[in-house]
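Enquirer: So you can see what is in the structure, the chains are spelled out below.
2 protein chains.
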Amino acid sequence: MRDGPNISFVAALIGNPANANMLLALIPGPALTATELANEVGLTLSTVSGHLARLGEAGLVQVSRQGRHRYYRLADPDVVALLEALLPVAERAGHRRTRTGPRDPQMRKARSCYDHMAGDLAVRMLDGFLATGIVSPDGEVTDAGRKELGTRGIDIDRLAQEKRPLCRFCLDWSERRNHLAGSLGAAIFGHFERQGWASRRAGSRIVHFSADGEAEIERWYSRG
Amino acid sequence: MRDGPNISFVAALIGNPANANMLLALIPGPALTATELANEVGLTLSTVSGHLARLGEAGLVQVSRQGRHRYYRLADPDVVALLEALLPVAERAGHRRTRTGPRDPQMRKARSCYDHMAGDLAVRMLDGFLATGIVSPDGEVTDAGRKELGTRGIDIDRLAQEKRPLCRFCLDWSERRNHLAGSLGAAIFGHFERQGWASRRAGSRIVHFSADGEAEIERWYSRG
DNA sequence: GCTATGGTTTGGCAATCATCGAACTATGCG
DNA sequence: CGCATAGTTCGATGATTGCCAAACCATAGC
Numbered sequence: 003m004r005d006g007p008n009i010s011f012v013a014a015l016i017g018n019p020a021n022a023n024m025l026l027a028l029i030p031g032p033a034l035t036a037t038e039l040a041n042e043v044g045l046t047l048s049t050v051s052g053h054l055a056r057l058g059e060a061g062l063v064q065v066s067r068q069g070r071h072r073y074y075r076l077a078d079p080d081v082v083a084l085l086e087a088l089l090p091v092a093e094r095a096g097h098r099r100t101r102t103g104p105r106d107p108q109m110r111k112a113r114s115c116y117d118h119m120a121g122d123l124a125v126r127m128l129d130g131f132l133a134t135g136i137v138s139p140d141g142e143v144t145d146a147g148r149k150e151l152g153t154r155g156i157d158i159d160r161l162a163q164e165k166r167p168l169c170r171f172c173l174d175w176s177e178r179r180n181h182l183a184g185s186l187g188a189a190i191f192g193h194f195e196r197q198g199w200a201s202r203r204a205g206s207r208i209v210h211f212s213a214d215g216e217a218e219i220e221r222w223y224s225r226g
Numbered sequence: 003m004r005d006g007p008n009i010s011f012v013a014a015l016i017g018n019p020a021n022a023n024m025l026l027a028l029i030p031g032p033a034l035t036a037t038e039l040a041n042e043v044g045l046t047l048s049t050v051s052g053h054l055a056r057l058g059e060a061g062l063v064q065v066s067r068q069g070r071h072r073y074y075r076l077a078d079p080d081v082v083a084l085l086e087a088l089l090p091v092a093e094r095a096g097h098r099r100t101r102t103g104p105r106d107p108q109m110r111k112a113r114s115c116y117d118h119m120a121g122d123l124a125v126r127m128l129d130g131f132l133a134t135g136i137v138s139p140d141g142e143v144t145d146a147g148r149k150e151l152g153t154r155g156i157d158i159d160r161l162a163q164e165k166r167p168l169c170r171f172c173l174d175w176s177e178r179r180n181h182l183a184g185s186l187g188a189a190i191f192g193h194f195e196r197q198g199w200a201s202r203r204a205g206s207r208i209v210h211f212s213a214d215g216e217a218e219i220e221r222w223y224s225r226g
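Just so you know, the protein sequences line up as chains A and B, in that order.
With the first letter of the first sequence counted as 1, position 74 gets the number 76 in my numbering; the numbers rise by one all the way through.
With the first letter of the second sequence counted as 1, position 102 gets the number 104 in my numbering; the numbers rise by one all the way through.
Hints may be right or wrong, so weigh each one.
You can't tell identical chains apart in this list, so a pair holds if it fits in one copy or across any two.
[Said to hold, decoys possible] Simulated crosslink set (SDA-like; lysine to any residue; CA at most 25 Å straight-line):
#1 165 with 141
#2 165 with 126
#3 165 with 142
#4 111 with 8
#5 165 with 133
#6 165 with 8
#7 149 with 117
#8 149 with 160
#9 165 with 93
#10 149 with 199
#11 111 with 221
#12 165 with 94
#13 165 with 147
#14 149 with 162
These aren't lab readings, by the way, just hints derived from the structure by calculation.
When you get a sec, could you build the whole thing from the sequences and use the hints?
Expert: Quick look at the structure:
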């Protein structure tokens with residue numbers, strides 16, 4: 003008995019694999035309907051409906067009604083931060099969700115991973131960031147990196163305001179090495195898409211790069 | 003079905019109230035024995051022993067054997083960060099663990115809250131930090147604050163290296179207003195204790211201040 | 001109005017799991 | 001060696017809860 007918020011209540015909700023998968027599916031940002039989430043986790047609509055009601059009551063997701071649809075999204079940045087804090091701990095716990103690496107060469111090269119990029123290209127980018135000192139090995143953005151990324155249109159100071167961690171490493175499924183996650187990873191991916199360098203089709207995690215887009219990106223991390 | 007670590011496995015462990023309380027009890031740092039933890043959560047030794055085994059297997063806690071005792075501690079800073087990320091979300095979820103505010107005036111004035119300080123004095127300190135711009139309302143340490151705290155022996159750059167959040171707000175049990183948590187909150191509390199300004203007796207959460215200690219602390223946040 | 005679709009609620013079954021006491025192992029002390 | 005303390009393992013039990021199907025409510029389109 004002691005004071006403080008009841009963290010086990012929240013943790014128990016995420017402890018249900020169905021809930022965990024739904025929450026992870028919501029990290030990228032776009033709100034999803036109950037049926038979409040049911041498909042995502044492979045359960046009946048009635049089951050996920052009950053779960054979503056409890057997640058809403060607990061303040062983990064928010065609902066917005068539009069016609070006969072109900073769109074669910076993560077309630078706020080604290081929830082994103084919580085989910086991202088779970089990842090590295092779960093990573094070390096071992097128990098990965100079963101699945102071997104992707105065979106599709108396009109998937110191996112570049113794909114989305116929640117709201118950031120994964121695959122060979124993403125791993126190379128983090129390598130480059132580490133080599134040029136934009137990011138330090140312990141996961142901090144250096145002053146030089148702050149300046150360098152600023153000239154490219156990534157405002158680190160603004161990103162650091164967000165409550166979720168700025169810079170996180172995320173073990174790459176196919177490469178078995180780290181790529182960049184956190185709000186910085188998300189911002190870079192978003193920037194690439196807005197510039198038209200990267201694009202993805204609905205329903206697929208494959209990320210396509212335009213020819214000059216790929217060349218442009220390489221400049222981000224290939225110079226001293 | 004998607005790749006990524008199995009977060010629900012870890013979350014389910016914390017979802018057990020007994021486990022959650024044990025983990026929270028370990029945040030302050032000192033390792034505890036299985037019997038101490040059993041007393042903390044009010045369960046039999048056999049029950050917590052089973053739980054601790056699973057927490058250990060999942061990499062949430064570490065054990066060190068010394069004679070016939072087994073000392074349990076949190077495995078690494080990622081776990082601390084995870085627990086601290088849970089707090090604000092659980093806070094908003096409402097469901098607080100039952101207990102009304104403390105009546106003891108000494109408890110209301112200053113007490114420990116995990117590894118940082120709570121109570122009237124702690125709330126006033128955060129108010130002061132916000133008023134003098136040492137900390138911004140959205141939970142960032144300002145450049146001025148970095149310098150100011152540096153002159154007082156708190157190395158923000160070093161603290162920022164830690165994986166757990168530097169600066170977090172934590173709702174005060176008795177005051178119903180925020181006080182300072184995160185690695186900064188912990189560092190400041192540790193500093194006060196090392197300077198001999200604050201002290202606490204074993205088994206009690208009350209924090210005693212020496213007369214000149216209290217005066218000294220006030221200087222931390224009462225000037226422009 | 002009728003019908004199709006999206007979503008919630010209810011009832012019940014099955015499986016899980018937290019808990020305990022009791023038996024057991026290991027360490028320390030004399 | 002004998003005894004006490006710290007901790008683990010095991011089996012049984014009771015409660016929780018995840019899940020589904022079926023019935024029900026709500027919206028959209030005709």
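Enquirer: For each hint, tell me whether it holds in the structure or not.
Expert: Outcome of the hint check:
1. 165 with 141: Intra 16 Å, inter 8 Å, cutoff 25 Å: intra and inter.
2. 165 with 126: between (27 Å within a copy, 23 Å between copies)
3. 165 with 142: both (15 Å within a copy, 9 Å between copies)
4. 111 with 8: Only across copies: residue 111 and residue 8 sit 24 Å apart there, 42 Å inside one copy, limit 25 Å.
5. 165 with 133: Answer is between: at 21 Å across copies they meet the 25 Å cutoff, but 27 Å inside does not.
6. 165 with 8: For residue 165 and residue 8, the Cα distance is within 25 Å both inside one copy (20 Å) and across copies (23 Å).
7. 149 with 117: The answer is within: 24 Å in one copy meets 25 Å, while 35 Å across copies does not.
8. 149 with 160: Answer is both; intra-copy 13 Å and inter-copy 21 Å each pass.
9. 165 with 93: both (22 Å within a copy, 15 Å between copies)
10. 149 with 199: Within one copy, since 22 Å is at most 25 Å while 41 Å is not.
11. 111 with 221: Within one copy only: 18 Å inside, 56 Å across.
12. 165 with 94: both (23 Å within a copy, 15 Å between copies)
13. 165 with 147: Close inside one copy (20 Å) and across copies (19 Å); limit 25 Å.
14. 149 with 162: both (14 Å within a copy, 19 Å between copies)
Hint compliance for this structure: every hint is met.
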